[in-house]
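Student: Take a look at the letters that make up each chain.
There are 2 protein chains.
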Amino acid sequence: MTAYAALSAHFGRAAAISNALGILQWDSDTMMPKGAVGTRADSLALLRVMAHEMVTDPRIGDWITDAEADAGLDAWARANIREIRRVWTVETAVPADLVEASSKAISICEMTWRQARADCDFKTLLPYLSEVLKLQREIGRVKGEKLGLSTYDALLNDYEPGGRSAHIDALFADLAVFLPGFLDEVMAVQGRRPANAPLGGPFPVEAQRALGVKMMGIVGYDFERGRLDVSTHPFCGGADNDVRITTRYDTTDFTQSFMGVMHETGHALYEQGRPQALLGQPVSQARSMSVHESQSLLMEMQACRSREFLQFAAPLMREAFGGSGPAWEADALWRRYTHVERGFIRVDADEVTYPAHVILRYRLEKALIGDEMPLSELPAAWNAQMQELLGVTPPDDRRGCLQDVHWPSGGWGYFPTYTLGAMTAAQVFDAAKKSDASIAPGIAAGDFKPLLNWLRANIHSQGSLYQTDDLLTHATGRPLDASVFKAHLRRRYIDEV
Amino acid sequence: MTAYAALSAHFGRAAAISNALGILQWDSDTMMPKGAVGTRADSLALLRVMAHEMVTDPRIGDWITDAEADAGLDAWARANIREIRRVWTVETAVPADLVEASSKAISICEMTWRQARADCDFKTLLPYLSEVLKLQREIGRVKGEKLGLSTYDALLNDYEPGGRSAHIDALFADLAVFLPGFLDEVMAVQGRRPANAPLGGPFPVEAQRALGVKMMGIVGYDFERGRLDVSTHPFCGGADNDVRITTRYDTTDFTQSFMGVMHETGHALYEQGRPQALLGQPVSQARSMSVHESQSLLMEMQACRSREFLQFAAPLMREAFGGSGPAWEADALWRRYTHVERGFIRVDADEVTYPAHVILRYRLEKALIGDEMPLSELPAAWNAQMQELLGVTPPDDRRGCLQDVHWPSGGWGYFPTYTLGAMTAAQVFDAAKKSDASIAPGIAAGDFKPLLNWLRANIHSQGSLYQTDDLLTHATGRPLDASVFKAHLRRRYIDEV
Numbered sequence: 001m002t003a004y005a006a007l008s009a010h011f012g013r014a015a016a017i018s019n020a021l022g023i024l025q026w027d028s029d030t031m032m033p034k035g036a037v038g039t040r041a042d043s044l045a046l047l048r049v050m051a052h053e054m055v056t057d058p059r060i061g062d063w064i065t066d067a068e069a070d071a072g073l074d075a076w077a078r079a080n081i082r083e084i085r086r087v088w089t090v091e092t093a094v095p096a097d098l099v100e101a102s103s104k105a106i107s108i109c110e111m112t113w114r115q116a117r118a119d120c121d122f123k124t125l126l127p128y129l130s131e132v133l134k135l136q137r138e139i140g141r142v143k144g145e146k147l148g149l150s151t152y153d154a155l156l157n158d159y160e161p162g163g164r165s166a167h168i169d170a171l172f173a174d175l176a177v178f179l180p181g182f183l184d185e186v187m188a189v190q191g192r193r194p195a196n197a198p199l200g201g202p203f204p205v206e207a208q209r210a211l212g213v214k215m216m217g218i219v220g221y222d223f224e225r226g227r228l229d230v231s232t233h234p235f236c237g238g239a240d241n242d243v244r245i246t247t248r249y250d251t252t253d254f255t256q257s258f259m260g261v262m263h264e265t266g267h268a269l270y271e272q273g274r275p276q277a278l279l280g281q282p283v284s285q286a287r288s289m290s291v292h293e294s295q296s297l298l299m300e301m302q303a304c305r306s307r308e309f310l311q312f313a314a315p316l317m318r319e320a321f322g323g324s325g326p327a328w329e330a331d332a333l334w335r336r337y338t339h340v341e342r343g344f345i346r347v348d349a350d351e352v353t354y355p356a357h358v359i360l361r362y363r364l365e366k367a368l369i370g371d372e373m374p375l376s377e378l379p380a381a382w383n384a385q386m387q388e389l390l391g392v393t394p395p396d397d398r399r400g401c402l403q404d405v406h407w408p409s410g411g412w413g414y415f416p417t418y419t420l421g422a423m424t425a426a427q428v429f430d431a432a433k434k435s436d437a438s439i440a441p442g443i444a445a446g447d448f449k450p451l452l453n454w455l456r457a458n459i460h461s462q463g464s465l466y467q468t469d470d471l472l473t474h475a476t477g478r479p480l481d482a483s484v485f486k487a488h489l490r491r492r493y494i495d496e497v
Numbered sequence: 001m002t003a004y005a006a007l008s009a010h011f012g013r014a015a016a017i018s019n020a021l022g023i024l025q026w027d028s029d030t031m032m033p034k035g036a037v038g039t040r041a042d043s044l045a046l047l048r049v050m051a052h053e054m055v056t057d058p059r060i061g062d063w064i065t066d067a068e069a070d071a072g073l074d075a076w077a078r079a080n081i082r083e084i085r086r087v088w089t090v091e092t093a094v095p096a097d098l099v100e101a102s103s104k105a106i107s108i109c110e111m112t113w114r115q116a117r118a119d120c121d122f123k124t125l126l127p128y129l130s131e132v133l134k135l136q137r138e139i140g141r142v143k144g145e146k147l148g149l150s151t152y153d154a155l156l157n158d159y160e161p162g163g164r165s166a167h168i169d170a171l172f173a174d175l176a177v178f179l180p181g182f183l184d185e186v187m188a189v190q191g192r193r194p195a196n197a198p199l200g201g202p203f204p205v206e207a208q209r210a211l212g213v214k215m216m217g218i219v220g221y222d223f224e225r226g227r228l229d230v231s232t233h234p235f236c237g238g239a240d241n242d243v244r245i246t247t248r249y250d251t252t253d254f255t256q257s258f259m260g261v262m263h264e265t266g267h268a269l270y271e272q273g274r275p276q277a278l279l280g281q282p283v284s285q286a287r288s289m290s291v292h293e294s295q296s297l298l299m300e301m302q303a304c305r306s307r308e309f310l311q312f313a314a315p316l317m318r319e320a321f322g323g324s325g326p327a328w329e330a331d332a333l334w335r336r337y338t339h340v341e342r343g344f345i346r347v348d349a350d351e352v353t354y355p356a357h358v359i360l361r362y363r364l365e366k367a368l369i370g371d372e373m374p375l376s377e378l379p380a381a382w383n384a385q386m387q388e389l390l391g392v393t394p395p396d397d398r399r400g401c402l403q404d405v406h407w408p409s410g411g412w413g414y415f416p417t418y419t420l421g422a423m424t425a426a427q428v429f430d431a432a433k434k435s436d437a438s439i440a441p442g443i444a445a446g447d448f449k450p451l452l453n454w455l456r457a458n459i460h461s462q463g464s465l466y467q468t469d470d471l472l473t474h475a476t477g478r479p480l481d482a483s484v485f486k487a488h489l490r491r492r493y494i495d496e497v
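Chains as they are written, first to last, in the UniProt record's numbering: chain A, 1 to 497; chain B, 1 to 497.
Any given hint could turn out to be false.
The list treats identical chains as interchangeable, and a pair is accepted whether it falls inside one copy or across any two copies.
[Said to hold, decoys possible] In silico SDA-like links for lysine to any residue, alpha-carbon gap of 25 Å or less:
| no. | residue 1 | residue 2 |
| --- | --- | --- |
| 1 | 486 | 280 |
| 2 | 434 | 148 |
| 3 | 214 | 185 |
| 4 | 123 | 446 |
| 5 | 434 | 49 |
| 6 | 123 | 477 |
| 7 | 34 | 18 |
| 8 | 104 | 6 |
| 9 | 104 | 5 |
| 10 | 34 | 110 |
| 11 | 34 | 452 |
| 12 | 123 | 249 |
| 13 | 34 | 210 |
| 14 | 486 | 46 |
| 15 | 433 | 375 |
| 16 | 104 | 174 |
| 17 | 433 | 458 |
| 18 | 123 | 95 |
| 19 | 134 | 161 |
| 20 | 214 | 75 |
| 21 | 486 | 374 |
FYI, nobody ran anything at the bench for these hints, they're computed from the structure.
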């Protein structure tokens with residue numbers, strides 16, 4: 001057996017564990033009865049240890065070295081080795097006692113955070129969050145040493161391989177200048193639009209689900225390799241050939257779940273379209289979190305919140321819920337789906353204000369990881385940034401710095417991928433429509449095949465063959481910049497209103 | 001750490017894998033989309049190999065020897081060591097290449113069987129089933145050598161630890177003499193009863209499910225540690241603290257699913273009642289397949305097909321489906337639930353004819369494993385036994401020797417546990433009612449607490465502390481015999497009609 005064959009067999013076995021973990025995690029979030037929490041935690045912990053042991057197997061280093069010297073391998077195999085080296089370098093960098101300490105600190109901090117958020121009580125959280133931050137900083141430091149990266153960039157790199165804060169700084173600085181003035185313009189224009197009349201209701205769960213399933217089918221989701229279920233926090237998960245999405249239903253408002261399903265379906269189409277012949281190999285994985293988010297936002301924000309799509313969808317919505325009257329007209333639904341508001345909560349934010357929420361978090365987490373600001377000053381710094389970027393001040397920390405689970409659960413370096421994803425979505429959607437003139441009229445007619453074919457060919461089936469910038473350059477002619485995203489916002493929220 | 005502490009820590013980790021496997025298997029049978037079959041098979045296979053490696057870990061032998069010499073251990077720990085030795089002896093007995101050959105032969109044979117059954121084509125199945133039989137015989141031989149058992153008893157011992165064919169021969173010989181004449185009597189009595197009028201319908205799935213959930217709650221099933229779902233073949237599965245049962249719904253007949261749910265709930269109550277403090281340890285496991293089946297049959301056959309219970313349940317059934325008229329009276333429902341018929345299919349058989357289906361299979365599989373009959377003669381031998389035991393001859397092999405998946409899937413030595421379970425159920429239920437006079441009136445009033453408390457104390461919480469005969473002796477005053485079962489049949493089908 002060649003070194004490369006040994007490597008791919010080994011990572012194929014590791015994928016069998018990841019796939020098991022994916023289904024067990026999905027079950028924990030959708031099906032598991034309460035009383036099984038402890039039993040399940042034991043199973044997940046053991047399988048995670050086993051998965052970690054597999055990707056840090058002492059034989060891997062030699063296999064990689066030998067495989068890298070193998071001149072007979074094709075581009076996919078070479079990219080696979082590159083990805084394996086990346087995963088292996090990162091996974092072997094962190095000593096086991098640091099992993100364990102961090103994992104314990106996160107468990108306690110997450111639990112404390114749930115109560116602290118409910119109580120608007122940052123003080124109680126502070127020592128626990130401080131411990132998580134300290135350990136994340138240490139993890140970033142040891143990874144950074146191995147990778148030749150700064151501490152923050154090393155953490156970012158786990159979610160966004162090749163992503164660098166110097167580049168993000170520039171992109172976000174541009175947006176931070178653009179957004180406040182633009183937001184004023186949008187609010188002025190919006191103030192002249194008619195208000196959204198109520199849609200009535202209630203909207204039965206079964207009807208919402210049926211409409212969601214129908215729309216998933218229309219955009220090309222393959223139910224032979226996935227499912228739609230319910231969970232508290234919507235997600236796309238599961239396993240290879242088994243890409244499961246979730247939503248939550250509010251019987252007083254179907255519009256949230258409807259777009260939530262389209263968002264998760266965007267993620268799922270990416271997962272279902274990854275290179276079939278290489279499933280299980282690291283090179284078959286989605287390229288990065290920003291590319292993943294670009295696929296959900298392309299579907300939700302670019303395609304499904306467009307006037308064209310809502311012209312197509314409005315009759316289906318009316319039919320699903322027996323809706324009628326002005327509030328159910330396509331134009332009214334489009335106004336509802338493009339409503340902009342200076343809010344406090346990131347997950348409720350619209351397309352225009354969302355980047356401000358992300359820029360704020362990015363600035364703060366970079367300062368905290370870089371030890372440039374004491375954690376105790378987080379609430380005040382948060383509120384100051386909110387005022388600067390969005391012009392509002394949260395009335396309490398529950399609606400301020402306590403709102404997200406990311407930091408308490410060890411997710412440092414993740415936030416910027418949301419807005420990188422939004423910018424990527426705009427750039428990819430624009431390129432796709434220019435490359436195939438049937439995409440835009442297809443969406444207006446409920447025919448997503450042209451769009452899906454383009455995404456399959458240019459994004460999904462590419463897996464991790466390229467680095468992110470190269471993937472974007474191949475697909476859109478250039479690496480990521482903010483201009484298409486800004487142009488999209490201006491067109492949708494000013495020009496086309 | 002003592003040897004015993006090392007052993008229990010090790011088997012606790014093995015349980016985390018079994019629990020993961022239990023949930024993944026449940027998911028495969030209830031939730032998994034078709035396209036995930038191959039991916040899931042890889043995950044299950046890898047986890048099974050890991051579980052096997054854990055229970056055959058080379059350190060276990062010494063740990064057992066040292067732990068057995070530890071005078072300070074209590075009865076539970078000693079029983080745990082005994083169970084660990086049993087599992088370890090059996091799992092280490094079979095060479096890896098034999099396990100692999102058998103597993104492959106079973107895969108192909110099961111697939112072939114599905115088609116062969118549909119086509120009534122035993123000839124096509126013969127070479128594949130012959131291979132499975134040959135390998136099972138070899139597995140039984142090597143296990144038997146280690147355990148000092150005959151080949152058949154070694155296979156039986158996997159499902160029924162301590163079970164011996166000499167004992168089963170005697171029990172079944174007794175039944176085989178009793179049943180044919182008794183069946184004639186029953187059919188004569190039944191012929192004089194009024195025929196069952198149709199119940200109408202349709203019976204919506206949601207109403208059937210709601211009634212099932214209600215009944216599960218009434219008998220004491222804990223939904224905080226389990227679920228009810230749908231699968232093609234009903235089962236009780238899942239994990240520690242996560243005991244999931246399934247059913248299937250027929251909208252033209254609710255009565256099958258109703259009793260199916262009570263049957264699986266009987267299994268589930270056993271699982272939910274196993275010794276909590278020792279979950280994960282082999283001694284906490286259910287004692288054997290016959291004891292497991294005794295708990296499902298106690299619930300279904302002994303308790304829920306009784307006149308007393310159906311007096312209680314009839315109004316709930318009428319309410320659930322809006323049923324009315326003579327067919328919905330308790331007495332008519334009882335007649336329906338105690339209808340006896342000389343049928344061809346085991347899974348459709350009633351309480352009176354079921355043992356004949358089992359005795360037939362037991363006789364044949366013992367002869368086949370013992371190489372006393374060529375496999376090619378199976379169809380003829382099957383039909384001859386059907387004629388002898390039930391007085392009917394299957395019109396084809398689909399309704400004859402091709403009906404069950406057990407043999408094609410390697411389940412040799414399993415069948416007798418069904419009827420051992422039926423006899424055990426009668427004996428345990430009789431002892432319970434004699435021990436606590438509030439059990440019978442409780443069931444008539446829909447109060448299952450007295451019964452469940454007795455079962456919890458005498459069966460469920462005992463796990464594998466005792467061997468089966470000792471468990472029964474502790475619970476009922478004597479080891480298993482057929483007399484209570486026969487008396488139960490005579491009372492229900494002759495005396496009380």
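Student: Does each hint hold? Answer for all of them.
Tutor: Status of each hint after checking the structure:
In the homo-oligomer, the alpha carbons of residue 486 and residue 280 never lie at most 25 Å apart, since the shortest distance is 37 Å inside one protomer and 57 Å across protomers. For a Cα distance limit of 25 Å, the shortest separation of residue 434 from residue 148 qualifies neither inside one copy, at 39 Å, nor across copies, at 77 Å. For the homomeric pair residue 214 and residue 185, neither the shortest alpha-carbon distance inside one copy (37 Å) nor that between copies (58 Å) is at most 25 Å. Taking the closest pair of Cα atoms, residue 123 and residue 446 never come within 25 Å of each other, the shortest separation being 51 Å inside a single copy and 53 Å across copies.
Proximity of residue 434 and residue 49 under a CA criterion of 25 Å is satisfied in neither setting, with 47 Å inside one chain copy and 52 Å between copies. In this homomeric assembly, residue 123 and residue 477 never come within 25 Å of each other (Cα to Cα): the closest approach is 49 Å inside a single copy and 63 Å across copies. For a Cα distance limit of 25 Å, the shortest separation of residue 34 from residue 18 qualifies both inside one copy, at 23 Å, and across copies, at 19 Å. With identical chains, the CA atoms of residue 104 and residue 6 are at most 25 Å apart between copies only, with a shortest distance of 24 Å across copies and 34 Å within one.
Taking the shortest Cα distances, residue 104 and residue 5 sit within 25 Å of each other only across copies (24 Å), while inside one copy they are farther apart (37 Å). Taking CA atoms no more than 25 Å apart as the test, residue 34 paired with residue 110 passes inside one copy only; the shortest distance there is 18 Å, against 36 Å between copies. When the C-alpha separation of residue 34 and residue 452 is checked against a cutoff of 25 Å, the pair qualifies only between copies, where the shortest distance is 22 Å, while the shortest distance within a copy is 39 Å. For the homomeric pair residue 123 and residue 249, neither the shortest alpha-carbon distance inside one copy (34 Å) nor that between copies (54 Å) is at most 25 Å.
Within a single copy, residue 34 and residue 210 get their C-alpha atoms only as close as 28 Å, which misses the 25 Å cut-off; across copies the closest is 20 Å, which meets it. Taking the shortest Cα distances, residue 486 and residue 46 never come within 25 Å of each other, neither inside one copy (46 Å) nor across copies (49 Å). Taking the shortest alpha-carbon separations for residue 433 and residue 375, neither the intra-copy value of 45 Å nor the inter-copy value of 66 Å comes in at or below 25 Å. When the C-alpha separation of residue 104 and residue 174 is checked against a cutoff of 25 Å, the pair qualifies neither within a copy, at 39 Å, nor between copies, at 61 Å.
In this homomeric assembly, residue 433 and residue 458 come within 25 Å of each other (Cα to Cα) only inside a single copy, at 13 Å, whereas the closest approach across copies is 71 Å. For a Cα distance limit of 25 Å, the shortest separation of residue 123 from residue 95 qualifies neither inside one copy, at 31 Å, nor across copies, at 61 Å. Within a single copy, residue 134 and residue 161 get their C-alpha atoms as close as 23 Å, which meets the 25 Å cut-off; across copies the closest is 54 Å, which misses it. Taking the shortest Cα distances, residue 214 and residue 75 never come within 25 Å of each other, neither inside one copy (39 Å) nor across copies (60 Å).
Proximity of residue 486 to residue 374 under the C-alpha cut-off of 25 Å is found in neither arrangement, the shortest distances being 34 Å within a copy and 80 Å between copies.
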